[in-house]
Amino acid sequence: MTSDRGGQFVLASTLLAWIVMLLEVPSFLRISIVLAFAFLTPGVALTRTFSPTSFFERLLVTSSISVSAVVLVSTALLAVGLWSPSAILLILGVVSIVGHKVVSNSPASGKNWLDWERRSSDESSFVHSRRAKIMHLGSDGCVISGPGLAALDPCETVRLTWLGEVSFGRLEEVEGDVFALTFLEPTAGFEALVAQKYGDISAAS
Amino acid sequence: MKTSIERKVSAPGPKSFAPPQAGFSDHLDTSLFLVAVATIAVVIGLFRTDPETVGDFGLVPAIPLYGLAAFVLLIGLALHSVLRTDFVERRAALTVGSLVTFVSAAPPIVYDTVRFGWTYKHVGVTDFVLRNGSLDRQDDVLGIYHNWPGLFAGSASLVEWMGLSNALLLATWSPVALNLMTLGGVVYLSGALTDSRRNVWLGALVFFGANWIGQDYYSPQALAYVLFLAVLGLALRYFRPTSLLLPGTAVYLSLILMISAIAVSHQLTPMVLFVALLGLQVAGQIRAWWLPAFTALATAGWMISFASPYVEANLVGIANDFGSPVGNAAETLAKATIRNDAQVWVAAAGRGSLILVLSLAGLGLVIRQERRSNVLTPLALLAAPAVMIVMAFGGEILFRVALFMLPVLALLAAETIRHDTSTSGQWLVGLPCVALLFASLSLASFGKDNFYTFSTNEVDVVAELSEVAPAGSLLIEGSRNYPAQFLNYEKFVYVPIDRENLESQQSIQEAPADVLFEWLSNDAYESGFVLLTRSQQRNALALGTLPPEFLPEVESALRADHRFHALIDTPEAVVFERRP
Numbered sequence: 001m002t003s004d005r006g007g008q009f010v011l012a013s014t015l016l017a018w019i020v021m022l023l024e025v026p027s028f029l030r031i032s033i034v035l036a037f038a039f040l041t042p043g044v045a046l047t048r049t050f051s052p053t054s055f056f057e058r059l060l061v062t063s064s065i066s067v068s069a070v071v072l073v074s075t076a077l078l079a080v081g082l083w084s085p086s087a088i089l090l091i092l093g094v095v096s097i098v099g100h101k102v103v104s105n106s107p108a109s110g111k112n113w114l115d116w117e118r119r120s121s122d123e124s125s126f127v128h129s130r131r132a133k134i135m136h137l138g139s140d141g142c143v144i145s146g147p148g149l150a151a152l153d154p155c156e157t158v159r160l161t162w163l164g165e166v167s168f169g170r171l172e173e174v175e176g177d178v179f180a181l182t183f184l185e186p187t188a189g190f191e192a193l194v195a196q197k198y199g200d201i202s203a204a205s
Numbered sequence: 206m207k208t209s210i211e212r213k214v215s216a217p218g219p220k221s222f223a224p225p226q227a228g229f230s231d232h233l234d235t236s237l238f239l240v241a242v243a244t245i246a247v248v249i250g251l252f253r254t255d256p257e258t259v260g261d262f263g264l265v266p267a268i269p270l271y272g273l274a275a276f277v278l279l280i281g282l283a284l285h286s287v288l289r290t291d292f293v294e295r296r297a298a299l300t301v302g303s304l305v306t307f308v309s310a311a312p313p314i315v316y317d318t319v320r321f322g323w324t325y326k327h328v329g330v331t332d333f334v335l336r337n338g339s340l341d342r343q344d345d346v347l348g349i350y351h352n353w354p355g356l357f358a359g360s361a362s363l364v365e366w367m368g369l370s371n372a373l374l375l376a377t378w379s380p381v382a383l384n385l386m387t388l389g390g391v392v393y394l395s396g397a398l399t400d401s402r403r404n405v406w407l408g409a410l411v412f413f414g415a416n417w418i419g420q421d422y423y424s425p426q427a428l429a430y431v432l433f434l435a436v437l438g439l440a441l442r443y444f445r446p447t448s449l450l451l452p453g454t455a456v457y458l459s460l461i462l463m464i465s466a467i468a469v470s471h472q473l474t475p476m477v478l479f480v481a482l483l484g485l486q487v488a489g490q491i492r493a494w495w496l497p498a499f500t501a502l503a504t505a506g507w508m509i510s511f512a513s514p515y516v517e518a519n520l521v522g523i524a525n526d527f528g529s530p531v532g533n534a535a536e537t538l539a540k541a542t543i544r545n546d547a548q549v550w551v552a553a554a555g556r557g558s559l560i561l562v563l564s565l566a567g568l569g570l571v572i573r574q575e576r577r578s579n580v581l582t583p584l585a586l587l588a589a590p591a592v593m594i595v596m597a598f599g600g601e602i603l604f605r606v607a608l609f610m611l612p613v614l615a616l617l618a619a620e621t622i623r624h625d626t627s628t629s630g631q632w633l634v635g636l637p638c639v640a641l642l643f644a645s646l647s648l649a650s651f652g653k654d655n656f657y658t659f660s661t662n663e664v665d666v667v668a669e670l671s672e673v674a675p676a677g678s679l680l681i682e683g684s685r686n687y688p689a690q691f692l693n694y695e696k697f698v699y700v701p702i703d704r705e706n707l708e709s710q711q712s713i714q715e716a717p718a719d720v721l722f723e724w725l726s727n728d729a730y731e732s733g734f735v736l737l738t739r740s741q742q743r744n745a746l747a748l749g750t751l752p753p754e755f756l757p758e759v760e761s762a763l764r765a766d767h768r769f770h771a772l773i774d775t776p777e778a779v780v781f782e783r784r785p
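Chain order of the listed sequences is S and E.
All residue numbers for the first sequence refer to the numbering used here, where the first residue is 1 and numbers rise by one.
All residue numbers for the second sequence refer to the numbering used here, where the first residue is 206 and numbers rise by one.
Calculated from the structure, these hints are not laboratory results.
Beta carbons: idealized from backbone N, C-alpha and C, even for Gly.
A few of these clues could be false.
Said to hold, decoys possible - If we take Cβ atoms under 8 Å as the criterion, some of the chain S residues that face chain E in the derived model are:
hint, residue
1, Ala17
2, Thr47
3, Phe56
4, Glu57
5, Val71
6, Ile88
Please build the complete structure, drawing on both the sequences and the hints.
Rendered as structure tokens:
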């Protein structure tokens with residue numbers, strides 16, 4: 001049901017929160033798990049597809065969304081006279097898991113992600129596919145953010161796959177947790193996709 | 206306005222190559238070692254601070270010298286982290302974050318109780334939800350909170366999940382969590398207004414130096430403020446005309462979620478948010494008419510539906526206050542009137558700090574204008590809270606306006622500090638400014654701790670009274686400055702003596718036992734109590750709300766009168782009951 005790390009976190013934290021609420025466990029552990037659930041889980045479910053640039057900003061947006069979800073579900077049940085802490089936890093968990101699946105599978109989500117692969121050590125192939133979030137897009141390059149990018153060498157070439165179309169990319173510049181890539185040898189399909197989906201960034205600017 | 210990296214992608218022609226930044230582990234240098242040493246010294250210093258030694262100038266003079274020196278070191282390291290030539294964002298975040306954490310954690314560590322008497326009534330509303338699983342929207346004591354119950358509903362859920370019996374623990378440590386979230390919010394919003402990450406973090410440092418306004422406690426407005434910053438940050442990132450980010454389903458859902466949470470939690474914040482979003486839209490800084498429209502819809506929808514009992518009952522008062530900016534501003538300043546010499550300095554420190562930030566920010570706007578940078582976005586954000594001065598809001602509106610302006614003011618101030626391109630020039634301006642701001646903060650934010658903090662003994666006395674008193678009791682209080690209304694609050698009808706009219710106060714002063722015996726003999730109440738605490742007396746001495754000898758004389762008179770007996774008698778608080 002949840003094949004990516006965001007989905008696994010949402011599922012695991014919901015289950016943990018449920019277990020610690022039902023069992024009498026040491027209160028520090030219980031408080032920590034509950035706080036982690038309340039401040040992270042619903043937010044992780046949504047921010048998976050639009051994580052902001054830096055870790056701190058991501059944390060802020062994630063916790064703001066999570067707190068909002070706890071407040072809204074609790075208020076809604078209180079307003080209709082059905083306030084129940086266990087029901088609220090259940091609703092939040094289910095909504096987070098379903099919400100995560102929905103936004104992860106939505107077409108808008110797919111547009112925002114590309115896969116990149118590094119050249120193997122003997123340079124005979126491209127290996128170790130990773131996903132990265134597209135932060136900005138131009139006709140000649142893009143800005144992406146995601147795990148593993150920090151390990152790339154300056155000017156290293158990677159293979160990019162975006163919505164099934166392929167190009168190569170060369171690392172140009174980093175700023176914090178985001179990385180600029182220049183497109184190299186884009187396929188016609190890739191170029192068409194860039195133009196079709198987002199237009200020419202030079203013209204736009 | 207695009208970040209440098211956006212321009213890099215969009216710029217035609219050959220690309221220049223900048224070497225990647227080093228990893229965080231490469232920067233584990235002396236300054237990080239000093240941060241660790243300073244935080245350890247701060248924590249030891251705070252644990253060794255005796256709350257009994259907190260005097261007229263508040264908490265700071267009571268902290269051991271090495272603890273204060275460690276705080277000064279943390280401030281210096283935070284400034285150093287943003288001004289040093291090899292700026293690394295994570296290092297700046299670590300130093301500024303450590304400073305914010307320990308400044309916020311100082312009161313809970315030293316006092317072990319919740320600061321500010323009015324925080325306890327918020328705990329009381331959460332207690333009501335926990336006991337009843339419902340709200341009382343017609344409640345005439347704390348009705349406003351029952352009509353905007355977001356914080357209380359959410360924290361009641363948290364309290365239950367954690368297995369606690371009330372929200373006191375949550376309230377005690379809320380300032381740490383809220384200030385860290387606010388730090389994230391300020392950084393997030395500022396990041397949408399400038400290319401420079403240094404200016405963003407210097408702005409965050411200036412923000413916390415200047416934020417003495419004290420809205421970081423367990424309260425609906427503190428929660429709504431964090432969400433307010435997050436909404437504006439998201440809106441400016443995804444809906445600016447020049448933005449290349451794509452607002453997918455999750456962005457829309459997140460904004461709807463956060464705006465709705467603000468609308469059900471607080472009265473003022475959604476209005477400021479609406480004006481800010483509308484201003485940004487009209488000024489062409491965002492392209493999303495639906496954002497101000499949805500904010501207005503959510504706000505008005507909540508007011509005319511769920512919150513209608515409160516709105517209908519208070520409509521005349523709201524209408525009378527609305528549109529009187531001069532009167533509302535004067536009310537804020539009148540509320541800050543003080544009688545104690547130390548408190549004159551405390552008030553002056555807060556106002557001086559705001560004047561400094563306003564001056565620096567004004568210069569920052571001029572600099573932006575000269576550089577042809579974007580001034581419309583900051584101006585739209587600054588104008589939004591200013592229009593709220595037409596509302597009274599309990600005589601606090603000027604401070605609330607300042608708080609909503611502060612993130613933008615702080616960023617503009619940071620740009621002024623970093624106007625000189627040389628590091629030495631930036632230190633020359635930045636050091637005295639940041640030093641002045643944090644010196645002011647030490648007075649303005651902690652200078653009232655002598656009377657705005659409470660002992661565990663006082664909390665225990667109020668808890669015991671709340672348990673033993675029958676519902677429908679009369680509670681006569683010296684003032685409201687004590688841990689009031691946090692448990693079973695609806696059991697009582699409250700009569701704070703310092704809010705009685707002058708004639709009534711004079712009659713009590715002339716014959717305390719006779720007058721209070723008569724009040725307690727009212728058959729309309731199941732029972733009656735007089736509650737006097739040391740914090741009430743300290744408040745009266747500092748703010749002059751009652752004559753200095755008033756409360757001690759009342760206590761002496763009741764102790765000497767055979768018609769009263771002390772139901773609960775401790776060194777910090779006493780509860781008198783009428784003998785049958």
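Hint check:
1. Ala17: holds (7 Å)
2. Thr47: holds (7 Å)
3. Phe56: Holds. Min distance 5 Å.
4. Glu57: holds (5 Å)
5. Val71: holds (4 Å)
6. Ile88: Hint holds; Ile88 (chain S) Cβ to chain E Cβ min 5 Å, cut 8 Å.
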